[in-house]
Amino acid sequence: MSKIVRTGASILYPFIVIFGLYVIMHGHLTPGGGFQGGAVIATGAALLLVAFSAGEISGMVRKSTLMGQETLGLLLFIGAGILGLIMGAPFFANVLANSGLLFGQAVLPGPNPGELNTAGVLPIMNIAVGVEVWGGLAIVVMYLLSTIEREGA
Amino acid sequence: MKRVLVAAIFLVWAAMLCTIPLFLSFGDPAATDMDTYFIGRGQADAAANNIVTSVVFDFRGFDTLGESVVLFTAVTGVALMVREKRKGEEHEDE
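For the protein sequence lines, the chains are A and B, in the order given.
Take the first sequence: its position 153, counted from the start at 1, is 153 in this note's numbering, and no numbers get skipped.
Take the second sequence: its position 55, counted from the start at 1, is 55 in this note's numbering, and no numbers get skipped.
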């Protein structure tokens, strides 16, 4: 693509990543969550892949790194579910809610803006799903575009 | 004959789709036990202000686990299908 598109994509990319991380991190307070935020960040990766060529990006980010990121997200999600078993509760039980530990603050009843340090394992699961969707969608776009460039279709 | 039949079925279907909502009362679902429970207990049990997230990740977390596994499987399938062939490997489809 032209230099204008490349410069614009380079400037926009950090803002897209920050917005996606905000959507993931505030998933238990505002609309959005892990899937949505991960999709937003993957959109930023698609923007970079379109502005620069897929071969150029492949030199910077290895595909195995993204694949490992996706696997890490899924393992973290299952680990957050197994945390309930470790603490003596059923699988996927929200053991950290109202416990006073990490993300363990109790929420006030009724409509209120909310605190970031609430909701127990929900923010951990949001982060895990966000990391997984980020890596997964980015690697799908990367694979498809690099195949199109290689085969010249 | 066949096209007339298809058009008739389509017209009946469209008419039903347009008229049936008129007989249903909006905002008055038949069963409200589940949503009353979620709205009443969501903030206390899941400690989250966003009830949608507490349903997706807490009350129905197992469903979300299946969703994540589906995504992982799909990505793995794409990666297997469009990967670069190794040197000396035969193209079976050409």
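Please note that the accuracy of each hint is not assured.
Among the chain B residues that face chain A by a calculated CB cut under 10 Å, a handful are [stated by the list, open to error]:
1. C18
2. I20
3. Q43
4. L71
Hints are computed from structural coordinates only; laboratory data are not their basis.
Quick reminder that beta carbons are idealized off the backbone N, C-alpha and C, glycines included.
**Item:** Supplied contact hint for B:L71, tested at 10 Å Cβ to chain A
**Value:** 5 Å, holds
**Message:** Holds or violated: the hint that B:Q43 contacts chain A, with Cβ atoms closer than 10 Å.
**Reply:** 5 Å, holds
**Prompt:** Hint check: is the beta carbon of B:I20 less than 10 Å from a beta carbon of chain A?
**Reply:** 31 Å, violated
**Message:** Please check whether B:C18 passes as an interface residue: C-beta within 10 Å of a C-beta belonging to chain A.
**Reply:** This hint is violated: B:C18 lies away from chain A, its Cβ roughly 31 Å from the closest one there, beyond 10 Å.
The structure shown violates the earlier hints numbered 1 and 2.
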